[in-house]
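2 protein chains.
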Amino acid sequence: MNGFRKQYSISDYPSITKEFIKWLGFSLVIGTLVGIASAALLVSLNWSTNYREAHKVIIWLLPIGGLFVGLLYHYYGQSVAKGNNQLLEELNTPKDIIPFKMAPLIFLGTVVSHLFGASVGREGTAVQIGGAIADQFSGWFKMNKHDRRIIILMGISSGFAGLFGTPLAGAVFALEVLLIGKIKYNAILPCLLVAVVSNYVSREVSHYLHVPHTHYHIDAVPKLNTLNFFWCIFAGILFGIVSTFFSKGVKFFSQFSKYIKYPPLRPVIGGTAMAVLIYFIGTKYIGLGIPTILESFNTTMNTYDFAIKIILTTFCIAFGFKGGEVTPLFFIGATLGSALSMFVPLPISLLAGMGFVAVFSGATNTPIACTLMGIELFGMEGGVYIAIACVTAYIFSGHTGIYTSQIVGVAKT
Amino acid sequence: MNGFRKQYSISDYPSITKEFIKWLGFSLVIGTLVGIASAALLVSLNWSTNYREAHKVIIWLLPIGGLFVGLLYHYYGQSVAKGNNQLLEELNTPKDIIPFKMAPLIFLGTVVSHLFGASVGREGTAVQIGGAIADQFSGWFKMNKHDRRIIILMGISSGFAGLFGTPLAGAVFALEVLLIGKIKYNAILPCLLVAVVSNYVSREVSHYLHVPHTHYHIDAVPKLNTLNFFWCIFAGILFGIVSTFFSKGVKFFSQFSKYIKYPPLRPVIGGTAMAVLIYFIGTKYIGLGIPTILESFNTTMNTYDFAIKIILTTFCIAFGFKGGEVTPLFFIGATLGSALSMFVPLPISLLAGMGFVAVFSGATNTPIACTLMGIELFGMEGGVYIAIACVTAYIFSGHTGIYTSQIVGVAKT
Numbered sequence: 007m008n009g010f011r012k013q014y015s016i017s018d019y020p021s022i023t024k025e026f027i028k029w030l031g032f033s034l035v036i037g038t039l040v041g042i043a044s045a046a047l048l049v050s051l052n053w054s055t056n057y058r059e060a061h062k063v064i065i066w067l068l069p070i071g072g073l074f075v076g077l078l079y080h081y082y083g084q085s086v087a088k089g090n091n092q093l094l095e096e097l098n099t100p101k102d103i104i105p106f107k108m109a110p111l112i113f114l115g116t117v118v119s120h121l122f123g124a125s126v127g128r129e130g131t132a133v134q135i136g137g138a139i140a141d142q143f144s145g146w147f148k149m150n151k152h153d154r155r156i157i158i159l160m161g162i163s164s165g166f167a168g169l170f171g172t173p174l175a176g177a178v179f180a181l182e183v184l185l186i187g188k189i190k191y192n193a194i195l196p197c198l199l200v201a202v203v204s205n206y207v208s209r210e211v212s213h214y215l216h217v218p219h220t221h222y223h224i225d226a227v228p229k230l231n232t233l234n235f236f237w238c239i240f241a242g243i244l245f246g247i248v249s250t251f252f253s254k255g256v257k258f259f260s261q262f263s264k265y266i267k268y269p270p271l272r273p274v275i276g277g278t279a280m281a282v283l284i285y286f287i288g289t290k291y292i293g294l295g296i297p298t299i300l301e302s303f304n305t306t307m308n309t310y311d312f313a314i315k316i317i318l319t320t321f322c323i324a325f326g327f328k329g330g331e332v333t334p335l336f337f338i339g340a341t342l343g344s345a346l347s348m349f350v351p352l353p354i355s356l357l358a359g360m361g362f363v364a365v366f367s368g369a370t371n372t373p374i375a376c377t378l379m380g381i382e383l384f385g386m387e388g389g390v391y392i393a394i395a396c397v398t399a400y401i402f403s404g405h406t407g408i409y410t411s412q413i414v415g416v417a418k419t
Numbered sequence: 007m008n009g010f011r012k013q014y015s016i017s018d019y020p021s022i023t024k025e026f027i028k029w030l031g032f033s034l035v036i037g038t039l040v041g042i043a044s045a046a047l048l049v050s051l052n053w054s055t056n057y058r059e060a061h062k063v064i065i066w067l068l069p070i071g072g073l074f075v076g077l078l079y080h081y082y083g084q085s086v087a088k089g090n091n092q093l094l095e096e097l098n099t100p101k102d103i104i105p106f107k108m109a110p111l112i113f114l115g116t117v118v119s120h121l122f123g124a125s126v127g128r129e130g131t132a133v134q135i136g137g138a139i140a141d142q143f144s145g146w147f148k149m150n151k152h153d154r155r156i157i158i159l160m161g162i163s164s165g166f167a168g169l170f171g172t173p174l175a176g177a178v179f180a181l182e183v184l185l186i187g188k189i190k191y192n193a194i195l196p197c198l199l200v201a202v203v204s205n206y207v208s209r210e211v212s213h214y215l216h217v218p219h220t221h222y223h224i225d226a227v228p229k230l231n232t233l234n235f236f237w238c239i240f241a242g243i244l245f246g247i248v249s250t251f252f253s254k255g256v257k258f259f260s261q262f263s264k265y266i267k268y269p270p271l272r273p274v275i276g277g278t279a280m281a282v283l284i285y286f287i288g289t290k291y292i293g294l295g296i297p298t299i300l301e302s303f304n305t306t307m308n309t310y311d312f313a314i315k316i317i318l319t320t321f322c323i324a325f326g327f328k329g330g331e332v333t334p335l336f337f338i339g340a341t342l343g344s345a346l347s348m349f350v351p352l353p354i355s356l357l358a359g360m361g362f363v364a365v366f367s368g369a370t371n372t373p374i375a376c377t378l379m380g381i382e383l384f385g386m387e388g389g390v391y392i393a394i395a396c397v398t399a400y401i402f403s404g405h406t407g408i409y410t411s412q413i414v415g416v417a418k419t
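Keeping their order, the protein sequence lines are chains W and C. Each residue of the first sequence is one higher than the last, beginning at 7 in this note's numbering. Each residue of the second sequence is one higher than the last, beginning at 7 in this note's numbering.
Chain W on its own, in the form it takes in the complex:
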């Protein structure tokens, strides 16, 4: 436990103040840089998505896009290919400063993946850009392990916050993601301040460039009663179980992609299969899928939508496309929640919102961050429903998750 009894002492203030000013300074600098990078990512993804939607024929070039991403990482990115897991590993057992090239490589890889229609996300990108930018400072300032850990967490926090426009969730996500079942607070202030700065800068820049953050809206929240309480738990259990399919899916498809010995060929083969598939099933399930996520809040989605998105996204990730898993997890949760409205007597927008964050909670084991994210995106009205769904999904996802480098700090049961 390493616990020491607390002391009452005025003499703590000089050291508290010094530390505070240090982290405030880093928050302003790193938050600004990562905020600008997050806005650039949002704007670039907006451009590539619009271009693809206007020129759907480009999807046939997905194998070429895949080849580009594959060669890029094979020849320049071997040292940064592990992405989010690499950040977690550096946090758990620090070794080397994360190469700065992680940031431009993942940026480029993600924009190309989206331009040609892969089914991937964008949070991995933001978190890696944040982590790579932030960790340069630990090199420049020759930081010790303890401070470097805080700096990397600040990178994660600011990337998350800048991308999704959710500073509180970003800060708590960085604290929660490292260890399943346990968080430590020594980075809480730096993570919060940098998230607020990054979110502010990202909002200002993307607003200036006319690419605002998406607004989601839960339009009806019924009074909690015994029946709703149990339905909410039921939905949370489903969200948790579904989130495990996602982690399993990546593992499943990786078995196949590993038969292709030359890694740059993997996204070529994967991209070909995707392009043919998209030709038959249409473009609903590719890219970020924001329009479908928004639609889930108003219209009952098909019961199979979430399943198709799981298959396509885990396939794309296993075959080497870049971007991350979180926006697809939002898609999966929102469409599943929406479909549940067929037999769960809760409003469709509430179920979609609960699924949006709860599947993410189950897949990443970050229940408090996801609850905060739900409140930041949808408002406090549905807060209790969202919290129950996120925490129940967290419990029912077991000790699995999309980040294989997470370590179990405290067992769930």
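Hints should not be assumed to be uniformly reliable.
No copy is singled out in the list; a pair is fine if it fits within one copy or between any two copies.
Heads up, simulated EDC-like pairs for lysine to aspartate or glutamate below, C-alpha to C-alpha not over 20 Å straight-line [as the list claims (entries may be wrong)]: (1) K107 / E95; (2) K88 / D102; (3) K257 / D18.
Worth flagging that the hints you see were computed from the coordinates, not collected in a lab.
Chain W is fixed; fit chain C onto it per the hints.
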């Protein structure tokens, strides 16, 4: 670290499900009982406050009320006199089941303290009632240490949630309060479910008895910009520093009360001093002070209001009156925030709301619970301001706090 790598396994589900049903069952039973008790406390305090306001002459009987409380604890309550700290000690080093009489004794002690006009709170009462009720189940079901720990946390969570009407804050408060700087998640689901149930029951019962929870309202939240960001941090630092005065105040006055060797005499002497003081300064600073807290959201309060409340409350607690510190901490924070509006260019209601939760955060070292409480009470609009204030206050309160049995899990800096 005791971390084991996570496993993927379907075979976890039977044990997860079994545990889940067990804790859901306890949540329903304990949540209902504690919810009813919380409502009873709210109603009784409402009655005693109204009675005192209508018959102010009763305040001269404060020494008699004090004698009653003193004798009560001296002859019947020696084994439960440590209150909240006793709960924390049982959590850290489990020894004996908490005697059930903790619940009726603290209930009676608190209502009498309020009836005659002591300056105390009510959260300690709710938490002790919750803990005492919950811990009986660990005896009846012969629970092991691990489960008993969860049960006591459920008692704390449900007491807090039922009293303040803030289930998310209640759940996280129970997880955060034990160790400074560290939380473990194995109780997260039971704590959340029991908090939701207790809050639901408490709301229904108190609504039925026409004693609704107080509604606070932040009516204007300016857009965050650089200047507001720094003002918010500045306010958070002040809130944190002021919160340490509270902990120091209890220590300071306890030196004097300890000169009175026969404990039941302490509240008699203390009550006499209070009654004389109140005769001169009026009744603004006694009891819970809800009207003044509400007024802080609209009207700029005096710069000395918070200081007087600190002195009176720490005096009353040191001299043996019962109830707890939290509502006085709300009073202190809200009036201080309100007074700050004289020179901090943020809206008065926002500053009052920030202070309300941030001084509490500094005094109890529970920044995430306090942020959630702020959002639950005031809505998400001011969420970022509230979070910065709570986290900054947490850092600037150092390793001090009102719960002397808290253990430092991870140092703040």
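Okay, the hints, checked on the actual structure:
1. K107 / E95: For K107 and E95, only the intra-copy Cα distance (18 Å) is at most 20 Å; the inter-copy one is 50 Å.
2. K88 / D102: within (14 Å within a copy, 50 Å between copies)
3. K257 / D18: between (49 Å within a copy, 18 Å between copies)
Checked against the numbered hints above, the structure violates none of them.
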